[in-house]
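Peer 1: The chain contents come next:
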Amino acid sequence: MTLGFIAAMFLLPVAIIAAAFFLASRKKGALDRGNSSSG
Amino acid sequence: MEELATTEIVLDRTALASFVAYLVVVVAIGVFATRFASSGLAEFFVGGRRMNRFVVALSAVVSGRSAWLLLGVTGMAYQIGASAVWAVTGYIVAELFLFLYYAGRLRRFSEAYDCITIPDFFAARFHDTVGILRVPLVAIILVFMVSYVSAQFVAGGKAFSASFGLGSTTGLLLTAGIVLLYTVLGGFLAVSLTDLIQAIFMIVALVILPLIAIVDRGGLRPVVDQLAALDPTMIDPLALSAGALIGFLGIGLGSPGNPHILIRYMSIRDPEQLRYSAVVGTVWNVVMAWGALFIGLVGRVYFPLPDLLPAGDPENLYVTLARQELHPVLLGLLIASIFAAIMSTADSQLLVAASSIVRDLYQGVFRRGRRLSPRRLVVYSRVAVVLLVLFALLFGYLAQDLVFWLVLFAWAGLGAAIGPTSILALYWRRTTRAGVLAGLLAATTVTFIWRSDERLNDSLYLLIPGFFAALIATLLVSLVTPAPDDADEMLDKMKK
Numbered sequence: 001m002t003l004g005f006i007a008a009m010f011l012l013p014v015a016i017i018a019a020a021f022f023l024a025s026r027k028k029g030a031l032d033r034g035n036s037s038s039g
Numbered sequence: 001m002e003e004l005a006t007t008e009i010v011l012d013r014t015a016l017a018s019f020v021a022y023l024v025v026v027v028a029i030g031v032f033a034t035r036f037a038s039s040g041l042a043e044f045f046v047g048g049r050r051m052n053r054f055v056v057a058l059s060a061v062v063s064g065r066s067a068w069l070l071l072g073v074t075g076m077a078y079q080i081g082a083s084a085v086w087a088v089t090g091y092i093v094a095e096l097f098l099f100l101y102y103a104g105r106l107r108r109f110s111e112a113y114d115c116i117t118i119p120d121f122f123a124a125r126f127h128d129t130v131g132i133l134r135v136p137l138v139a140i141i142l143v144f145m146v147s148y149v150s151a152q153f154v155a156g157g158k159a160f161s162a163s164f165g166l167g168s169t170t171g172l173l174l175t176a177g178i179v180l181l182y183t184v185l186g187g188f189l190a191v192s193l194t195d196l197i198q199a200i201f202m203i204v205a206l207v208i209l210p211l212i213a214i215v216d217r218g219g220l221r222p223v224v225d226q227l228a229a230l231d232p233t234m235i236d237p238l239a240l241s242a243g244a245l246i247g248f249l250g251i252g253l254g255s256p257g258n259p260h261i262l263i264r265y266m267s268i269r270d271p272e273q274l275r276y277s278a279v280v281g282t283v284w285n286v287v288m289a290w291g292a293l294f295i296g297l298v299g300r301v302y303f304p305l306p307d308l309l310p311a312g313d314p315e316n317l318y319v320t321l322a323r324q325e326l327h328p329v330l331l332g333l334l335i336a337s338i339f340a341a342i343m344s345t346a347d348s349q350l351l352v353a354a355s356s357i358v359r360d361l362y363q364g365v366f367r368r369g370r371r372l373s374p375r376r377l378v379v380y381s382r383v384a385v386v387l388l389v390l391f392a393l394l395f396g397y398l399a400q401d402l403v404f405w406l407v408l409f410a411w412a413g414l415g416a417a418i419g420p421t422s423i424l425a426l427y428w429r430r431t432t433r434a435g436v437l438a439g440l441l442a443a444t445t446v447t448f449i450w451r452s453d454e455r456l457n458d459s460l461y462l463l464i465p466g467f468f469a470a471l472i473a474t475l476l477v478s479l480v481t482p483a484p485d486d487a488d489e490m491l492d493k494m495k496k
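Sequence order for the protein chains is P and X.
With the first letter of the first sequence counted as 1, position 32 gets the number 32 in the numbering used here; the numbers rise by one all the way through.
With the first letter of the second sequence counted as 1, position 343 gets the number 343 in the numbering used here; the numbers rise by one all the way through.
Simulated from the structure, these hints should not be mistaken for lab results.
Every value quoted in this text rests on a predicted model; they were computed, and no experiment measured them.
Just so you know, even glycine gets a beta-carbon here, dropped at the ideal spot from N, CA and C.
Fair warning: there could be bad hints in the mix.
[Unchecked claim] Residues of chain X clear of chain P, computed beta-carbon distances all greater than 10 Å:
| hint | residue |
| --- | --- |
| 1 | Thr89 |
| 2 | Leu96 |
| 3 | Leu211 |
| 4 | Thr282 |
| 5 | Leu305 |
[Stated by the list, open to error] Label-pair ranges, simulated between beta-carbon atoms:
| hint | chain 1 | residue 1 | chain 2 | residue 2 | range |
| --- | --- | --- | --- | --- | --- |
| 6 | P | Ala18 | X | Ala399 | 38 to 48 Å |
| 7 | X | Trp428 | P | Ser25 | 27 to 37 Å |
| 8 | P | Met1 | X | Arg13 | 36 to 46 Å |
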């Protein structure tokens, strides 16, 4: 398995998800507050 | 998609029963949501802006992913290997940023100015009282959305025909009938709740199939070794030209311009919760996309040559591999995932097209300033949904070539026209009505010209020139036309 393959198929998706968590959690408490509606 | 009918599966009784149960649940959701959807246009078209953050996350993600993800991306990874990763990276990253930054502004503005459609947003933002922006926007949305819906029905018809041995016309009518039933009854709420179920079907299928197939081939390492032995470029993510790389990443430029995705952002109850939706939506997008990529890669080990697939078409890999590897019940689930992808996209596009007719043309232009009964408007909207389904069926039947020609650049056409203009309208105070109109015209002209010229079309994905032409046209014309005097106030309303 080449480094490029590992980076594209494993590290890249993990990096995108990590970026989502990081950017979303920059605002304190944004992920903790509940939302009770379902429309 | 066209070759799908060649892959005959014909499900066994258990799989058929689970599939029928799935369709019954989908229709039952439509019935459940009927009362809520009947109370007014905002309820029918944006769920009364009361949707749950989880529902919004999944609905936004699966509305944007048609059967292209299941059949197209798997086929692409089968053909070109790991470099297909860039075809999914662009839109996933773009949608992460939309959830985090764009969506909140659009949601806050739409509540402050009572907007329930994308043309509504532009009309309110630029004081368009006579339809200078609404009419061209409606024209662009209707042309592409109806083609999209029509193509989804045709694809559904072929999937039905392949799965149940029905005629493709019967399959087409069944697909249209099911989508029509729950959409016309339950409107946006039904569409979003069914999207939730469909998102689960899609992710389960896209996780199970590659896992089973990889385990069956002895694990990941042997699969990768066999791929490398077949063709070393299969495991090289950079084995593509710069133009192809830019084109793949450029697919993401379409996300901010496709109204069936954007309308999901407007429907969330609390815009603060979009950060949560961003995480859930991104995780879902990533898992589905990489599942599709792994199916393509392991599929190449199973079928080293495209000739081994039905009709020699890599888009048949998904179904062919599933038929070979899965238990009949799981196969039923996988077939349901194709319908889920088709229906979750078609229903959202159908509602957007209906809202363009009733909210934007009827209420916004022809009956502007008149008091109209909310319940009557919902009745008109339901009639519009029925008429659009009939029109899409007729369009798909009589002009299938035109439908497929239009659909090939529907994502790009909408993305180029609405993407840059809406981003500037949300972020740049200096944007003017004339600038937006110039952007819409530039996008449409450039994408049509690019699509019509084979040399241009082969050189670069048309969304990229279309997007940047619209961006430049909007910027330049806005700068030479008088600045709007209340833009500060409007942009302030978009902030928290």
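Peer 1: Out of the numbered hints, which ones does the structure contradict?
Peer 2: Going through the list in order, the structure violates hints 1, 2, 4 and respects the others.
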